[in-house]
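Chemist: Residues per chain are reported as follows:
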Amino acid sequence: MAIRERLSGNEATAVAMKQINPGVVAAFPITPSTEVPQYFSSFVADGVVDTEFVAVESEHSAMSACIGAQAAGVRAMTATSANGLALMWELLYIASGSRLPIVMACINRALSGPINIHNDHSDSMGARDSGWIQIYSETNQEAYDNMLMAHRIAEHKDVLLPVMVCQDGFITSHAIENIELVEDDKVKAFVGEYNPEFYLLNKENPIAVGPLDLQAHYFEHQRQQAEAMKNAKKVILEVSDEFEKMTGRKYGLFEEYNTKDADVCVVVLNSTAGTAKYVVDQLNEQGKKVGIIKPRVYRPFPVDEIVDALAKFKAIAIMDKTDSFNAAGGPLFSDITSAMYAKGVFGPKVINFTYGLGGRDVKAEDVEAVCNEVLKVAETEKVESVYNYIGVRE
Amino acid sequence: MSKELKTVSPDFKWNEKIDGAGPGGMITSAGNSHLFKTGDWRSMKPIWKEDACKQCLLCHPVCPDSSILVDSETGKMTGIDYEHCKGCGICVKQCKFNAIDLVEEGK
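Those sequence lines, one after another, are chains C and P. Note that the working numbering has the first sequence beginning at 1, numbered continuously upward. Note that the working numbering has the second sequence beginning at 1, numbered continuously upward.
Calculated directly from the structure, the hints in this document are not laboratory data. Hints may be right or wrong, so weigh each one.
Taking beta-carbon pairs under 8 Å as the criterion, some of the chain P residues facing chain C (in silico) [as the list claims (entries may be wrong)]: (1) 10; (2) 26; (3) 27.
Just so you know, even glycine gets a beta-carbon here, dropped at the ideal spot from N, CA and C.
All chains should be modelled from the sequences, with the hints used to inform the complete structure.
Modeler: Listed below in structure tokens is the structure:
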């Protein structure tokens, strides 16, 4: 029987890490992710994990230590937010380019300035092309479940890429929710032993990691990395299927909510999808045909599947909890519209809403306004404004 | 010990598996630097003058590229490995008997 608990998103993440029992955790505290290593270090102090906890002096060192540890031959994990992720920047690329399956909890927070500690997606969205698999989580349960699946995905021989499991800072990271935990022994069996083919501490087969790689070979290695990201999609689905068999909880590349009879759709990540479900339930009762698509896997971007799911709608509103400052819409909007164009899907009218920056409260009325706007676009077949903001005072 | 690296050629295709290399440019057969000919990096060339050499062998431990050739049986220096010598001149600098000249490459 699963264990019923009530945990914050951070605590749920730390409990998942405890059950995974990695070789090394190296982390530096930064709000709102601080509690993850804080809870985890108490597990280390209590002797319930075998992990070497490295209290580094910066996030640059945290990711460096994870890279060293993973290359040496153990599972390495970390957690961070916002500027901490930004300080890891160059190492994110070293980790993915060196094909080290490190797992990170990214507790999403606004990337200052001006300084702000609250939730939006400007941190992980900036890292969307760093070669990390990105999985987003609506609830504490999803953050926990995604963490349990992360190593299986990262370490698959066709993948070998690091994974970032994202959840909304404070909104889920600090809010306590009911949660179903998987038993320790089942997690252990599901995650399995880490047996890398090559590792630095193997004296039988010495290797060099991260050597100089110039014009003759670098491009081929990048091409291999690109293929690994493509392969990840299939592996994520396989691992999610296996997870469903264990827990009954079903995960795909994205979640469709009330889309079956819908004319229009709102695409939204993480915790706001929960608010949107509440709103859409009410609107559906009023006969308004609106559904939700909540991407779970953002990298690799599920081009074919998401376009197939979106093609039937008359209009789509894509919500971005970050501003790309490019005068051309947020990252989710850019990715989805370019995917639709590339797949030859020109039917739906698509509009973009930037929302919730710096932890601005996202109310049901805000999502309702987005729904009503996209319903209006469908009805009138006219887009008055492609790039919009919701929740900003104007 | 590790396998011998079979190829250091730039010809392999991205989706070909090659012996001695792993994901992310990892080198899975260590101890292969002798296969990488660095001699053509050289702009200055050390010239060993056998007549002046006292066989003290102090040049051997200071050479960063193991390019001072020593006969393993006689224990004597026999020359310089120009396939790997980068012409750094450390051997020249430390030689107590002016037994190695450093000249411009190609002259």
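Chemist: Give a verdict on every hint.
Modeler: Evaluation of the provided hints:
no. : hint : in the structure
1   : 10   : holds (4 Å)
2   : 26   : holds (5 Å)
3   : 27   : holds (4 Å)
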